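Colleague: Given next are the chains, with one letter for each unit.
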Amino acid sequence: MNVLHFINNFFSDSAHWHGYDGIPTRLREHIQYSLIALAIAAAIGLPVGLLTGHTGRGGNTVAFIATAGRALPSFGLLVLMFVLLGLGLTPVMIPLVVLAVPPILVTTYEAVRSVDPSPVDAARGMGMAESRVLFQVELPVALPLILSGLRSAAIQIVSTATIAAYVSLGGLGRYIVDGLYQRNYEKVVGGATLVAVLALLALGFFWLVARFTVSPGVRRSAR
Amino acid sequence: MIRIDSVTKRYPDGTVAVDNLSLEIPDRSITVFVGPSGCGKTTTLRMINRMIEPSEGTITIDGKDITQQPVNTLRRSMGYVIQNAGLFQHRTIIDNIATVPRLLGWDKARARARARELMERVGLDGSLAKRYPYQLSGGQQQRVGVARALAADPPVLLMDEPFSAVDPVVRKGLQDELLRIQDELGKTIVFVTHDIDEAVKIGTMVAVMRTGGHLAQFAPPAELLTDPADAFVEDFLGADRGIRRLSFFSSAGLDLLTTPIVAVDATAEQIAARTSKDVPYLLVTDVDGRPLGWSEPATLTAGSVDPARLLSHGRPFEHGKESLRAALDGAVLSPTGWAVAVGADGRVTGVVSQQTIGEAIRAAHAEGRTEKVAG
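The listed protein sequences derive, respectively, from chains B and W. FYI, in the numbering used here the residues of the first sequence are 872 to 1094. FYI, in the numbering used here the residues of the second sequence are 29 to 403.
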């Protein structure tokens, strides 16, 4: 029995393609958890990162949040939240968001802060308001790095969202948790493969986004 | 007119960048602030568009205090050119240039049409419009920077060391271009540089500043070279200011000799006719009249002149257009001590000796009349 054999058995079993425990359902749940977590993390990380990067103030706070966020173990946090808040989506979202905010916040901050100061100076000197300086001069140049922060956050969320299954929610983690419990390694390997594929899809998605939103002038001059 | 009135800039740590500076920047001319690093020249420029606020004193434009209008309105009424151009790398060249018109609310088509006009004005090929900054050379980027500053046709242009980051050949081209554009547009230009030669070349007025933010001298460049206010200015001007001052005297008044010139295919009679005892040499030109080199009449044989064996004629100067400095330079460069004058087409119009140039210099000094001369 090797891994490929497990994978083959898992995906060729038609029972795995139907019903509430079928691959389409679990995949949809997993994507749903991931998107919600990423949206919340981005809603926190992007504005704070843009603002601190633009003003250059609050760098120490950003670094502290990043270190603290990275030091917190997702699984421990999940258990803690479960004990405090009971069953539900919230105890799952908290560790995922805590996991995803640091890469988004730190790369956004660094991306904006490291924009070449001379076009920024020129923009101010030409009479651009601060918001325009941020959104029309700094953001387009910082975009590739910001997207890379979002991308690594998304990949971490996709792989970590498996923990939702521990608190009896769905998602691809179901196969891993249940498979381990049932000593059904076919299921474990199948679930893990799906997570890996989803992570790769996230990678491809961000590559496409970058392809269409980053100006050719920025893409080429970064080389 | 921009009037800087008792302006001081003091930073919280006590450093004084500009110390009680007062001067008037005349309209439609280039005023250059020059000095060593830390002399407050850039600070002064940045106080004019309020990138830096003065600690004391006022700056007025046409009698109106610059703090009396919204800061971004003020800045949009002044072109701003900085070192390294500071182009927006995510925008095409044409959209970079259209920035200020767009800020002023022009529609895209009008702003772009204006940008195209400006590209031509600063000598950029229209085919570059859709390129991105990374595809341009440093000199081209700086032209885009100038075009961007001129796009909304502001009366005032602030230029902060705009040509410092390009190589000397490109820099000279950009300086000539700026003078040409200024001839056409007549802006009030405030220009900061650390290069005294650049200041002397492009300035109508030059403000020499000294470390600590003091104004050492404010004068037209020729006056600066003739009569430096103190040892600092004299030292800053460098060793050869006498020679450099010659740039301000036209070569138009030089009396040219046209006798000692022969074409490369000259006959023996022509060579004999052109030889005189006043001039120990003959200038040989090609059949079109362009200079080839000097030769002693005795060694010239009709029909078999070898251009490779002629003596160097130095750098010919354009008579009337270039200065006495160019003429003297040509004479000094040639082993014969004679300078070659050419017309705009590069054909020889005459020759002149060091001695004659020397007399012209003495006469010019006596008259004390200077004018801006190319070269």
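None of these hints come from the bench; they were simulated from the model. These figures come from a predicted structure and were not determined experimentally. The beta carbon of each residue, even a glycine, is placed where N, CA and C say it ideally should be. Treat the hints with care, since some could be wrong.
[As the list claims (entries may be wrong)] Quick list of the computed label-pair ranges, beta carbon to beta carbon:
1. B:Phe935 <-> W:Asp225: 34 to 40 Å
2. W:Asp153 <-> B:Leu943: 53 to 59 Å
3. W:Gly281 <-> B:Arg1003: 51 to 57 Å
4. W:Glu148 <-> B:Gly927: 25 to 31 Å
Colleague: Now tell me, hint by hint, if it's right for this structure.
Modeller: Here's how the hints hold up against the structure:
1. As the Cβ distance of Phe935 of chain B to Asp225 of chain W is approximately 52 Å, the hint placing it in 34 to 40 Å is violated.
2. Remark: the range hint 53 to 59 Å for Asp153 of chain W to Leu943 of chain B is upheld by a beta-carbon distance near 57 Å.
3. A C-beta distance of roughly 56 Å is found between Gly281 of chain W and Arg1003 of chain B, which places it inside the suggested range of 51 to 57 Å.
4. In this structure the hint that Glu148 of chain W and Gly927 of chain B lie 25 to 31 Å apart at CB is violated, the actual value being about 39 Å.
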